[in-house]
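Residue numbers (this note's numbering), protein chains in the order written: chain R, 1 to 627; chain E, 1 to 77.
Some hints could be false.
[Stated by the list, open to error] One-sided and incomplete, this derived list gives chain E residues near chain R with beta-carbon spacing under 8 Å:
no., residue
1, Ala12
2, Leu27
3, Ala28
4, Ala64
5, Gln73
6, Val74
These are computed hints drawn from the structure, not numbers from a lab. Glycine included, C-beta positions come from ideal geometry on N, C-alpha and C.
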Amino acid sequence: MDHYTTEKTVSVLQRFILSKKNHITLICAILIVLGFTSELVFKNEIVAIWSLATASILGVAPIAIQAYQALKVKVVSIDVLVTIAVIGAFLLRNFEESAIVTFLFLFGAFLEQRTLNKTRSAIKELTEMAPESALKLMDDGVFEEVNVDEVDEGDILLVKTGAKVPVDGTVLSGVGHINEASITGESVPVGKKKDSGVYAGTILENGTLQIVADRVGEDTTFGRIIELVEEAQDSKSEAERFIDKFSKYYTPAVLGLAIITWLISRDVELAITLLVLGCPGALVIGVPVSNVAGIGNGARHGVLLKGSEVIGDFSRVDTIVFDKTGTLTVGNPKVADKEFYADNVGEVSGYLASVERESDHPLANAIVEHIGDVPLSRVERTDVVKGAGIVAYIDGHRVAAGNVTLMEREDVHLSKKARADIARFEKSGNSLVLTSVDGELKALMGIRDQIRPGVKEDLQKLKKLGVKNLVVLSGDNQGTVDLVARELGLTEAHGHMLPGDKSKYIEELQSKGHIVAFVGDGVNDSPSLALAHIGIAMGGGTDVAIETSDVVLMNSDFSRLPHALGLTKATAANMHQNIVIAVGVVLVLLASVFLSDWMNMSIAMLVHEASILVVILNGMRLLRYGL
Amino acid sequence: MKKATIQLETLACPSCVQKIEQATKSLAGVEKESVKVLFNSSKVKFDFDAEKISVVDVERAITALGYEVIKSQVKDK
């Protein structure tokens, strides 16, 4: 056998052993049980020694291979420490310890892998939504199924009912309804026809579409969301980078310490015990586990958190600034209060709807929408009175609809009750529309922008989570803004603000030592989004929102905000717990090895593996977090 | 210069990351600064000079460490 084939055989053997790690673990367990029963029950020393020694050799094989590979690239890994310890114990003919330590190490690694997969499951669900194949128009004019990687920009693709849209593209022909939940979080299907844009990862619920690919693979909106989340879960905070550096020197330091201990004390047992208990497991894995579970929970609930730095900052936020009234209100005015001064309500409503249908003023739209389906009358001659309202003739009646000025012009008498109602409506922030028929007041309607349903409760939750200042900055007039603020219990409200004023205001808050989050739509408020400690975009997964912000609330859903804040707080706390657990365990082990006589290699390995599982399980709690 | 993403089997220990990172960095033709091993998504991302090294070479180096390569993707940069 020449040198090359030998090397190849060795590497094949190595890989074979590594791939059978789980089997080896099982066999070790059986051998250990066999060894202990024959020693304790049957008092058969020979069988016991042979089983335990075999278990040790078998068990250490995969660990030693990993250690050798690590040393080859100049890394002193945990495997190195464990391998030396096991060999040491073996040479001391302490087969019980060498067998148990290898088994615990292998079994621990097995459990770690399983539980780690759980913490990563939320993000895996997301990435598995990525499209895999596409029906591509080939040169011979036939659509053929190809891997999505083979689709280029400009290719023409066919999407059938039930299929995933493979790329971001534009509809060439066909109609259909698409569920865009994976991009916008909104599960109501959206109608698509020629020239509509479609997004990769969304699902065609009915119809058939031919589309041209505009962006493919990682460049699609969905691809970028996935990349963002993947990078976020692996992004490192200051603390983590420190731990990384620390662990790089930590393992060699443990090795050094063990050697020094051995040289001084001449106690091999003590030296190899030190090697095992110095393994840095829980410390290195604790923080990433919290991170990935927290970000995974967010991804599942429509909250994209960009990395662990963001989690740290957001969890300490004390001031949240909302960029405009529209974030807190629905954004289209509706009839909120009404009062009739007539018995023939139906007839008056019919007249009013007929008149207001002639106008496209927002207040008129709100009234038409509010009245809904009523028998309409033919309208003769309408006059629009600028800044006041509209006057028309219906069935020979003179109908006027507009504000108080219009009523005065029309010489309409306002009763004491009517005046009281007007004052009351105005006080609650309404714009008024009065209706008169033949010079007599018949109806009064108050129209205002509605607070988004649930916003008040959500803001309460934010306060409970420790946010002290809730501020709205708006371009609207101060009166409107004050009303919204009062109704929602905001701490501050500023109207007449231009985008420049908003970022200046945020700067001021920050200079006073506040940690500020800014909630915007990512369209024209990027400076403020970038400037605030935490920029939160309420964009339905738009590119701008994804680029400029630290946190993206999919589907502009306000109710995700308290979840996002609570989640970052829980995640930050979880990281701290894990660090405390990890450091605590190492300190306790170190103390007990020098101060007590019950500590040995097996116990050290058990505690060590247990602490790793504890931090993973602790991190896993975050997956179930919900307010 | 090309950009590669290699998807690996699920990585379980952070020290695997260190090993893979070192091994990838040590290959001639791989842009050292660009090597990123993503622990949670189990991916290796790096830029490389296609005239000096191919993705298959990098894959081989990683497989030799005992980690299975699931798929890889190369894009022009």
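Against the structure, the hints come out as follows:
1. Ala12: holds, 4 Å
2. Leu27: Status violated, d = 11 Å.
3. Ala28: violated, 15 Å
4. Ala64: Hint on Ala64 (chain E): holds, closest Cβ of chain R at ~6 Å, below 8 Å.
5. Gln73: holds, 7 Å
6. Val74: Hint on Val74 (chain E): violated, closest Cβ of chain R at ~10 Å, above 8 Å.
The structure fails to meet hints 2, 3, 6 from the earlier list, while all remaining hints are met.
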